[in-house]
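*Asks:* One-letter residues, chain by chain:
Protein chains: 2
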Amino acid sequence: MQSSERRKRAKQELREKIFDAARTLFAHEGYSAVTMRRIAEKIEYSATAIYTHFKDKEALMHELCASDFLTLMSHFKKIFTIADPVERLRQLGALYADFAIKHPNHYRLMFMTPRPFDSTVQAWIEKGNPQQDSYALLKAAVQACIEEGHFNQAHRDADLLAQALWSAVHGLVSLHITLHNDPWIEWRPLKKTLRTLLDALVCGFTSKTARPKQGN
Amino acid sequence: MQSSERRKRAKQELREKIFDAARTLFAHEGYSAVTMRRIAEKIEYSATAIYTHFKDKEALMHELCASDFLTLMSHFKKIFTIADPVERLRQLGALYADFAIKHPNHYRLMFMTPRPFDSTVQAWIEKGNPQQDSYALLKAAVQACIEEGHFNQAHRDADLLAQALWSAVHGLVSLHITLHNDPWIEWRPLKKTLRTLLDALVCGFTSKTARPKQGN
Numbered sequence: 001m002q003s004s005e006r007r008k009r010a011k012q013e014l015r016e017k018i019f020d021a022a023r024t025l026f027a028h029e030g031y032s033a034v035t036m037r038r039i040a041e042k043i044e045y046s047a048t049a050i051y052t053h054f055k056d057k058e059a060l061m062h063e064l065c066a067s068d069f070l071t072l073m074s075h076f077k078k079i080f081t082i083a084d085p086v087e088r089l090r091q092l093g094a095l096y097a098d099f100a101i102k103h104p105n106h107y108r109l110m111f112m113t114p115r116p117f118d119s120t121v122q123a124w125i126e127k128g129n130p131q132q133d134s135y136a137l138l139k140a141a142v143q144a145c146i147e148e149g150h151f152n153q154a155h156r157d158a159d160l161l162a163q164a165l166w167s168a169v170h171g172l173v174s175l176h177i178t179l180h181n182d183p184w185i186e187w188r189p190l191k192k193t194l195r196t197l198l199d200a201l202v203c204g205f206t207s208k209t210a211r212p213k214q215g216n
Numbered sequence: 217m218q219s220s221e222r223r224k225r226a227k228q229e230l231r232e233k234i235f236d237a238a239r240t241l242f243a244h245e246g247y248s249a250v251t252m253r254r255i256a257e258k259i260e261y262s263a264t265a266i267y268t269h270f271k272d273k274e275a276l277m278h279e280l281c282a283s284d285f286l287t288l289m290s291h292f293k294k295i296f297t298i299a300d301p302v303e304r305l306r307q308l309g310a311l312y313a314d315f316a317i318k319h320p321n322h323y324r325l326m327f328m329t330p331r332p333f334d335s336t337v338q339a340w341i342e343k344g345n346p347q348q349d350s351y352a353l354l355k356a357a358v359q360a361c362i363e364e365g366h367f368n369q370a371h372r373d374a375d376l377l378a379q380a381l382w383s384a385v386h387g388l389v390s391l392h393i394t395l396h397n398d399p400w401i402e403w404r405p406l407k408k409t410l411r412t413l414l415d416a417l418v419c420g421f422t423s424k425t426a427r428p429k430q431g432n
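Those protein sequence lines, which keep their order, are chains A and B. If you're matching positions, the first sequence starts at 1 in our numbering and goes up one per residue. If you're matching positions, the second sequence starts at 217 in our numbering and goes up one per residue.
For the record, the hints were derived by calculation from the structure and aren't laboratory data. Virtual Cβ for every residue (Gly too), placed ideally from N, Cα, C. A hint or two may mislead.
[Unchecked claim] So these bits of chain A aren't anywhere near chain B, every CB distance computed over 10 Å:
hint, residue
1, 3
2, 15
3, 17
4, 120
5, 131
6, 199
[As the list claims (entries may be wrong)] Think about it this way: if two alpha-carbon atoms lie no more than 25 Å apart in a straight line, the pair counts; the simulated BS3-like pairs of lysine-lysine are:
hint, chain 1, residue 1, chain 2, residue 2
7, B, 273, A, 208
8, A, 78, A, 57
9, A, 78, A, 8
10, A, 192, B, 424
11, B, 271, A, 191
12, A, 77, A, 191
13, A, 208, B, 408
14, A, 55, A, 102
15, A, 78, A, 17
16, B, 224, B, 294
17, A, 208, B, 424
18, B, 258, B, 233
19, A, 17, A, 55
20, B, 224, B, 271
21, B, 424, B, 318
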């Protein structure tokens with residue numbers, strides 16, 4: 001291996017190491033409580049070494065998020081081969097939950113930790129492109145259900161339905177990540193609750209019968 | 217006011233002050249990252265003063281959680297006057313979301329922060345009593361729907377349905393608390409998404425028609 005390649009690989013490895021340390025610290029202690037110095041200490045590097053890779057904590061957070069969102073997208077690959085949009089929605093829910101359970105620190109950082117928002121993430125992820133943007137992928141699947149006539153006439157707003165579906169699956173996995181050891185609750189298996197949620201929501205969105213009784 | 221009463225009131229006020237400081241720190245930086253000394257510093261007291269009220273951080277956390285869960289229960293008072301169990305479920309969802317949005321720090325601590333679990337909470341809250349235990353209240357409302365024949369035959373497990381409903385509403389409010397400023401998403405109004413979720417779930421649980429197509 002040429003020395004320039006070796007340097008490139010070493011640089012990439014150090015970036016991954018910084019990402020892992022930062023992800024764990026941000027996810028467990030909150031973005032604002034963690035300093036670049038703490039991240040450096042965790043991997044036994046000097047803060048100066050980290051600053052040669054990321055100009056500040058915000059830049060590190062944005063690159064880390066972009067990288068983790070692309071990892072999530074790679075988890076969704078098989079979605080693009082599913083022709084039936086209702087089945088695509090179900091599989092999206094199942095794969096999303098699977099990602100959260102397999103990568104709880106990624107998930108905490110991406111969806112459970114307040115963070116600064118900045119359009120620079122768009123340098124890595126094209127907003128609205130279902131191949132790169134996970135929310136756009138979900139919305140496109142909902143849109144396809146609407147356009148192909150799978151949903152009832154009351155349900156025409158793809159953002160609203162996407163947010164309802166996302167909420168349900170996010171709630172399930174985030175309760176699991178935070179409270180699955182809580183002996184107060186007799187937890188049902190996550191996959192069973194997920195199936196119950198997705199079945200009920202799909203039934204509610206597709207039902208051709210009258211809408212249920214309205215509350216206040 | 218007698219001096220013993222004055223002392224009692226002063227003691228109660230200090231406890232509330234400690235609770236407020238601890239809740240904010242635990243909710244934003246995580247239970248494990250926060251020390252008793254940090255909590256004391258936040259209210260400009262000595263750590264010794266805090267230890268006269270709570271023997272250690274765990275005892276403080278348990279009393280704080282018990283207190284906040286009882287606050288949540290007081291938010292549910294009107295539930296007990298609603299005769300129709302399906303309407304009771306809807307109102308539970310609406311009041312739960314309302315509590316979370318009004319008291320985001322309480323909510324973060326109670327449902328979004330990993331914490332030590334201990335049966336000493338039962339010194340304050342009787343587990344399984346729907347007047348004190350919010351999960352028991354939800355489960356009892358689901359159980360009433362099942363027993364009064366509102367749900368379809370496939371849905372007989374009150375824990376499973378309670379956890380599905382809780383997940384959906386928790387997901388909605390926790391995404392709101394964490395990401396409502398995220399410009400990436402064109403958020404729909406929370407109440408509208410809540411209504412959509414509850415309508416669809418109630419429809420799914422009550423529907424007498426065939427269950428929707430099953431995924432893998």
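*Asks:* Next, verify each hint and record whether it holds.
*Replies:* Going through the hints against the structure:
1. Every Cβ of chain B is farther than 10 Å from the Cβ of residue 3 of chain A; the closest lies at roughly 41 Å, confirming the non-interface assignment.
2. The Cβ of residue 15 of chain A sits about 24 Å from the closest Cβ of chain B, beyond the 10 Å cut-off, so the non-interface label holds.
3. With a least CB separation of 22 Å from chain B, residue 17 of chain A remains clear of the 10 Å interface cut-off, as annotated.
4. With 10 Å as the threshold on Cβ separation, the claim that residue 120 of chain A sits away from chain B holds: the shortest Cβ distance comes to roughly 12 Å.
5. Distance check for residue 131 of chain A against chain B: the nearest CB is about 16 Å away, which clears 10 Å, and the non-interface claim stands.
6. Some Cβ of chain B comes within 10 Å of the Cβ of residue 199 of chain A; the nearest lies about 6 Å off, and the non-interface call is violated.
7. Distance check on the hinted pair: residue 273 of chain B and residue 208 of chain A sit about 54 Å apart at the alpha-carbon level, beyond 25 Å; violated.
8. Between residue 78 of chain A and residue 57 of chain A the CA atoms are separated by roughly 34 Å; this puts the pair beyond 25 Å, and the hint is violated.
9. With a C-alpha separation of about 31 Å, the suggested pairing of residue 78 of chain A with residue 8 of chain A is violated against the 25 Å cut-off.
10. Among the hinted pairs, residue 192 of chain A with residue 424 of chain B is consistent with the structure: their alpha-carbon atoms are about 21 Å apart, no more than 25 Å.
11. Annotation: proposed proximity of residue 271 of chain B to residue 191 of chain A is violated, straight-line Cα distance about 40 Å (limit 25 Å).
12. Distance check on the hinted pair: residue 77 of chain A and residue 191 of chain A sit about 21 Å apart at the alpha-carbon level, within 25 Å; holds.
13. Between residue 208 of chain A and residue 408 of chain B, the direct Cα distance comes to roughly 21 Å. Compliance with the 25 Å bound is thereby established for this hinted pair.
14. A threshold of 25 Å between alpha carbons decides the hint, and for residue 55 of chain A with residue 102 of chain A the separation of about 30 Å lies outside it, so the pair is violated.
15. Under the criterion of a C-alpha separation no larger than 25 Å, the hint pairing residue 78 of chain A with residue 17 of chain A is inconsistent with the structure, at around 29 Å.
16. Using a Cα cut-off of 25 Å, the hinted pair residue 224 of chain B and residue 294 of chain B is violated, with the two alpha carbons roughly 31 Å apart.
17. With a C-alpha separation of about 12 Å, the suggested pairing of residue 208 of chain A with residue 424 of chain B holds against the 25 Å cut-off.
18. In summary, the hint linking residue 258 of chain B to residue 233 of chain B is supported, as the alpha carbons are separated by about 10 Å, within the 25 Å threshold.
19. With a C-alpha separation of about 16 Å, the suggested pair residue 17 of chain A and residue 55 of chain A falls inside the 25 Å cut-off, and the hint holds.
20. Between residue 224 of chain B and residue 271 of chain B the alpha-carbon distance is near 19 Å, which keeps this suggested pair within the 25 Å criterion.
21. Annotation: proposed proximity of residue 424 of chain B to residue 318 of chain B is violated, straight-line Cα distance about 37 Å (limit 25 Å).
Hints 6, 7, 8, 9, 11, 14, 15, 16, 21, counting from the list given before, are not met by this structure.
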